[in-house]
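S.K.: Residues per chain, in single letters:
2 protein chains.
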Amino acid sequence: MDRISDGRREATEIRLRAYPPDILREEDFELHRAPVPRSLEAGELLLANSWLSLDASARLRMRESDSPYMPRITLGGPISGFALGRVLSSRRSGFAEGDLVLHSSGWRTHAVIRADETGWRGPHRIVEEPGMSEAAYLTALGPAGLTAYVGMVKLLDPRPGDVIFVSAAGGGIGSLAVQLAKIAGARVVASAGSAEKRDLVLGLGADVALDRRVPDLSAALRTAAPGGIHGYFDCVGGPELEAAIDNARPGARIVMCGTVSNYDTQSGSLPRNLFAIVAKELSVKGYLTRSYAELLPTVQAEMAKLVRDGRLRDRVTILKGIDSVPRAFVSLFRGEHVGKLLIQL
Amino acid sequence: MDRISDGRREATEIRLRAYPPDILREEDFELHRAPVPRSLEAGELLLANSWLSLDASARLRMRESDSPYMPRITLGGPISGFALGRVLSSRRSGFAEGDLVLHSSGWRTHAVIRADETGWRGPHRIVEEPGMSEAAYLTALGPAGLTAYVGMVKLLDPRPGDVIFVSAAGGGIGSLAVQLAKIAGARVVASAGSAEKRDLVLGLGADVALDRRVPDLSAALRTAAPGGIHGYFDCVGGPELEAAIDNARPGARIVMCGTVSNYDTQSGSLPRNLFAIVAKELSVKGYLTRSYAELLPTVQAEMAKLVRDGRLRDRVTILKGIDSVPRAFVSLFRGEHVGKLLIQL
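So the protein lines, in turn, are chains F and U.
For the first sequence, the positions run 1 to 345 when the working numbering is used.
For the second sequence, the positions run 1 to 345 when the working numbering is used.
I should point out that these hints are in silico values taken from the structure, not numbers from a laboratory.
Be a bit skeptical, because a hint or two may be false.
[Stated by the list, open to error] Capping the alpha-carbon separation at 20 Å, the derived lysine-lysine pairs in PhoX-like fashion look like this:
1. U:K182 / F:K285
2. U:K182 / U:K305
3. F:K154 / F:K320
4. F:K154 / F:K182
5. F:K285 / F:K154
6. F:K285 / U:K154
7. F:K154 / U:K154
8. U:K154 / U:K305
9. U:K320 / U:K154
Keep in mind it's a predicted model, so treat the numbers as computed, not measured.
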């Protein structure tokens, strides 16, 4: 084992205290402090995290019973989530001290990446594009960007003039999806939960920004898109999905990258209008970003070009310090933040 | 106008008395008798109906407000639905006295087909295949057969060894879908609502027949298909769709030709497990048979061959006389009949 000499002595991680039955509270988390690991096994990496991504999907793993799709988070251990870190010490080939790394050992200040951790969840050594901020590798050039790209460009693939509906458009993925749809020449109707987010979304080029909290979102969408929508980019499920199905043109496509409206409670408003899937011959396609992992380098290069050309903007809310994580994560489900929610350490 | 001489003097049609708010009752219908039409305009056909098809989807048109997908049925007028009739008199080219015709002026003993009625809803002159019963043109060789063929063969397209789930398998479409899946070499798990239907379905080759009324259909499907299902043929929605989503293998396909579980009330149990569409990257595809109308002759020929070879069997419940229609249609939603429900006039 190699000895590591590191300026900082203490590492902090966020742990889940108990499995919250429904609405998540700040008290469900606790901070755990321990010395920074001082030695590595062969194949391991020690990272000092600089940015953490807080993603709603982590809520799905904070449950007593294993989901059929995702292993639950272990109580008394660290929580996983995408993060960027710099290599403090490496016993893994291809990674050297100082490298910027995208990985999934977030929710902590320091991470030891085990030898058996590979694939989509990383570690990925970042080839830094000129002119990009470090944080961009968690947003437009990172998992959020890949999710938006796959859903909007690869699966929905709008034609110029198509009307595309994007929900959660003020969020990290939705705000990118809106811009990708505009770049493709679509007319974009977006929905978001606050006036601030709607302003943001209009600033990003959306043609209409709807308030997702109106009593009849379907009617609002009908007014915004009287001829119906050609496609819908869904991170939300719930009333937005119902409104999209109501307003879909025959043959419309719906891509689903999440159903955040029911992550907390696993229930909620679900589409009453299933028959429209038949009657309008809709296609609904769910996808996981990790299945498109091989596209990450291509998408990073394409997104970097769009950012440099001023055609795509990253919208982020940045909170500072590991101590801010519990409150920030809980607030994610109240839709309080604009853009992608990042923690700077 | 031509004068028509017809043996029968009286025509009977079924009318809707009022729009039923939820559960349909026999009293919602009335019989209306009138003289058989005695003259035709240019382009018109007079038919004596011999067989009527009763299809659950007609329920969707028995509503006060127009559905966005289907015009409502007019009170005080005839109800439409597929039927077979013989030409009594023709002022339309391509149709001669005595021809067998598939059309959508069912729910009545005699039909005048107007000059502007064309396309999927007919009239279609039937080229009678050797050895087929007349009724087969409303079942395996008719709209039901085309629906089953498109959903199972064209859209699901199972590979040998795939596990395919078929709901409403004791019904007119499901019973054909089960057989088409077996012919493709799939392992078929079927669900149906009565012991009689399950016996029928097993007799048609299904490997397992589940009782759709068990408290936990999803668990029953898991036991029947421990490795999950590759595809699901859905006419039902509701708990069956939820069970299919629960038990879908990653990348599984779901085709939807109906959501009969909520035709009566437009509500009911709907999938709680939407996130699985994302997590398992499922594809859900709704379709309308009429969009595949051009396949009808091909499918008729293929189905006729399968029937003649003894590889496909038509299952029907036949009731007699126009007076039996109201009770028969209402009973459709209680799942009382095995196979396709036909009325012989």
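S.K.: Hint by hint, note whether the structure agrees.
M.R.: Do the hints match the structure? See the list:
1. U:K182 / F:K285: 26 Å, violated
2. U:K182 / U:K305: 16 Å, holds
3. F:K154 / F:K320: 34 Å, violated
4. F:K154 / F:K182: The hint holds at about 15 Å.
5. F:K285 / F:K154: Status holds; Cα separation ~12 Å.
6. F:K285 / U:K154: Status holds; Cα separation ~18 Å.
7. F:K154 / U:K154: 24 Å, violated
8. U:K154 / U:K305: Satisfied, since the Cα-Cα distance of roughly 18 Å is no more than 20 Å.
9. U:K320 / U:K154: Violated, at about 35 Å.
When held up to the earlier numbered hints, the structure conflicts with 1, 3, 7 and 9 and fits the remainder.
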